[in-house]
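Following the hints, complete the assembly by docking chain B onto the known chain A.
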Amino acid sequence: MKSKLLALLGGTLLSASAMAGGYQVNLASQRQIGMGHTGTGIQTGTSSIFFNPGAMSYLRENGVTVGASGIIAKIAYRAPEPGGVEAMTDNPLGTPFQLYGVYGINDKLKAGLGIYTPFGSSVNWGDEWSGRFGLNELSLQAIFIQPTLSYQITDQIGVGVGFVYAVGGVNLQRSIPVQNQQGAYGRAELDGDASGVGFNAGIFFKPSEKFSVGLNYRSKVDMKVEGGDATFTVAESISSRFPAGTQFDAQLPLPSTLTLGLGFMPTEALTIAVDVSRVGWSAYESLRFDYTAAINGADFSENARNYEDAYIYRIGAEYKLSDAVALRGGAYYDNTPVMEGYLTPETPDANALGLSAGIGFAVSDNFSIDASFLYINKEERTDTGALAGGIAGTYKSVAYIPGIGLNFKF
Amino acid sequence: MLALFAGILLTSCDPEIDAPNSSAGELDLTKYVAVGNSLTAGYQDRGLYREAQLASYPALLAMQLEQAGGGEFVQPLFGTAEANGTGYLTIDRFENGRPIIVTVPGQAFRQGTTLPGGAALTKYTDPVQNLGIPGISVLASASPQYGAINPYFERLLEPAEVGTKTYVQEVIESQPTFFSVWLGNNDVLGYATSGGEPTSPLDNLTDRNTFGFIYNTLVDGLTAGGAEGVLMTIADVTAVPFFTTVPYNALALERQEQVDQLNAAYGSGALGFSFQLGANPLIVRDPAAPAGLRPIKPTELVLLTALDSIAGRGYGSVKPLPDKFFLDESELQSIEEHTAAYNEIIRSVATDHSLALFDANAFFDSIKGGFMLDQVTYAPVFVSGNLFSLDGIHPTPRGYAILTNEMIRTINAKYNANIPTVDVSQYRAVLFP
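Note that the protein sequences, when read in sequence, are chains A and B. First residue of the first sequence: 0, per numbering that gives the first Met the number 0; consecutive thereafter. First residue of the second sequence: 0, per numbering that gives the first Met the number 0; consecutive thereafter.
There's no promise every hint is true.
To be verified - Reference listing, derived: stretches of chain A covered by chain B, where coverage requires no fewer than 3 residues with Cβ under 8 Å from a Cβ of chain B: (1) 72-81; (2) 84-96; (3) 126-134; (4) 234-241; (5) 384-391; (6) 395-405.
As the list claims (entries may be wrong) - Here are some chain A residues pointing at chain B (derived, C-beta under 7 Å): (7) Ile144; (8) Gln172; (9) Pro176; (10) Gln178; (11) Gln180; (12) Gly182.
Unchecked claim - Simulated crosslink set (EDC-like; lysine to aspartate or glutamate; CA at most 20 Å straight-line): (13) A:Lys73 - B:Glu15; (14) A:Lys219 - A:Asp192; (15) B:Lys413 - A:Glu80.
Bear in mind the hints are in silico, worked out from the structure with no lab data behind them. Cβ atoms here follow ideal geometry from the backbone N, Cα and C, with glycine treated the same way.
Just chain A, same shape as in the assembly (with noise of 0.2 Å):
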């Protein structure tokens, strides 16, 4: 009798989804959002330790960039028609940050350290949605540490690789469907660090002063999670079913991106850049949660995602007004990996049109700033998510993001 009394309990209350899709944050550089994010066929100054280590090698004095953004998202929700339930995300304020550092060795050889975030995810649908036995709130952060070198081969080639260790964390909070004589449901609680290892390498070449062409790929990383905490709050008659101590490992992938990036200079004043990234999602094939007790009857829990791959449409241009003033206006889009049946509350993705401006004003020569602001706009978007075990409904997000950033050159 009690397996039959209590094998339902709950339902798969933890073989639903967690952590984030289409999960990729692209700020890196403040000049290169004002363009678009664009950055892989032009010289970029120290940030081409992200964009292209092989242009880094271009550059002809030593420089140390920091920058940051300010995400401010929001993702509205609604229940399947005829049902008038509503929701939006009360998100943390997002703060993805970059440090780069170039130091040349000699001429044809440079040095760089990058520490840059270019995945993570914060989405905060509280305690009371409809969906909160989906997901209450997701944590997932990455800080990528890029150690790299540069050479130029010759005036017009340049080729740079970089050593990626990444350090991160999640955080995953969800309802559990049974309540306590007060009415009050349970909580489970995910939390562990990850880190993973990869590659940035990238080539460069510039066969003229008015043309530039590169190709960059970083690999992908995989974050592991190993002996992170499950903690389960529950009533206490069923507390057995969800013990205390319960460990937990897991592994997400970072996709690799491959971009192919072109520049075009016709004046001295104006930079165009175009770049088309190729993002392998499809190696983010489901997210499994194995346990060192068994929760609720399983020791582990998985569920679909089967993103495919995608790709990033890039445009973006820089005008000098003066020695000390650029300009830099830029747009993209952004097809979503997430297929249909797949969409999950944690980042219900679609297609995003990005739109992007900046300034750059040099207060002088060893000293300038840049400041930017993105608009992502996503395509509202209704899917089942029944083959992800998300919650049905269409989602709709739209995000702010300004961000400043000061370079020295020494």
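Just chain B, lined up with the frame of chain A:
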């Protein structure tokens, strides 16, 4: 000031999802009246109490109708001082995985007055729109005496009406512009929950012609003024945990010693059956069988009320399970035939009057294997299935909310309306200690 401005700017830039406006379609929702039995009253956990009334499907439906222009809806709510109503069941603890269920005492009894159907309840004679009367059948709804028998009906009647006014009269006098009727369940349930051994004539299976005549009279009266509404069919007993929780082979023998003892006690195979290690069919009384007992058949159903007797008092093994604790094949066949006949009548009345029909029978049939909604699993399973309350027959508040949404979809489709569904996650299921 700047922060305020920035706040307004950002709020006005929030993402928005457009949706069609709520609408009543072809319906006049000025006055909604709910007609029915315990399911309509909001009864659950073997009782009617304030919290349950507030989560009755008519209350939820009325709340949604209001968003499409519907009027006020009045229920005969128990007051906050008598919130426990008639009392209800709650889980005290688990023993070996079996819920130990206890009763919270009632508070709404009228001292010193007892009716044939139970203790009288505090009166509520103001006009109400939820006319759900726990226990009422189609047969009883035409009886003038019924108001003096059923405490829930007596509660709503003026003293002069008690014993003289039928439920059908009460319903027709309410003159709704929109109504729901979910009646007929008790025309089989009284028989079924007594294991086919009814102790009162009102608990027998109602003759189908009588059922058809009364049901037609009721709906004719309701629609006489042009009102529209929704009719609901009744579920099969096999869709309800009360009849499906205890398996036929619930007699678990773990030691050879137990097997030998039982074999010896039951004539060492001379009665045509013997016991083995593992799951065995329960032993039940059957006057037609040799020695008046036999193993229960896989097709027969053990009632939830037998659970404690089987688990704690040796029934079904050393003591044969009495008739009132199970439904045998012929009883089940009668129940099935009558359920099908009543549903056929309800469907044809809906067609004749061009009313909406929520086929609850088909709905419960479709969810026997369970379903998932917003990452919560639902199934017609006792305690853990989230749909049914602790009496194993009536839904939980969340179960009622899910039913309400099915009704709304039916109404929307029939009357070209756009009534929004309920956020079921706001309603509770079974509470665990």
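Tested hints:
| no. | hint | verdict |
| --- | --- | --- |
| 1 | 72-81 | holds (count 8) |
| 2 | 84-96 | holds (count 3) |
| 3 | 126-134 | holds (count 6) |
| 4 | 234-241 | holds (count 4) |
| 5 | 384-391 | holds (count 3) |
| 6 | 395-405 | holds (count 4) |
| 7 | Ile144 | 33 Å, violated |
| 8 | Gln172 | 14 Å, violated |
| 9 | Pro176 | 4 Å, holds |
| 10 | Gln178 | 5 Å, holds |
| 11 | Gln180 | 5 Å, holds |
| 12 | Gly182 | 5 Å, holds |
| 13 | A:Lys73 - B:Glu15 | 10 Å, holds |
| 14 | A:Lys219 - A:Asp192 | 18 Å, holds |
| 15 | B:Lys413 - A:Glu80 | 16 Å, holds |
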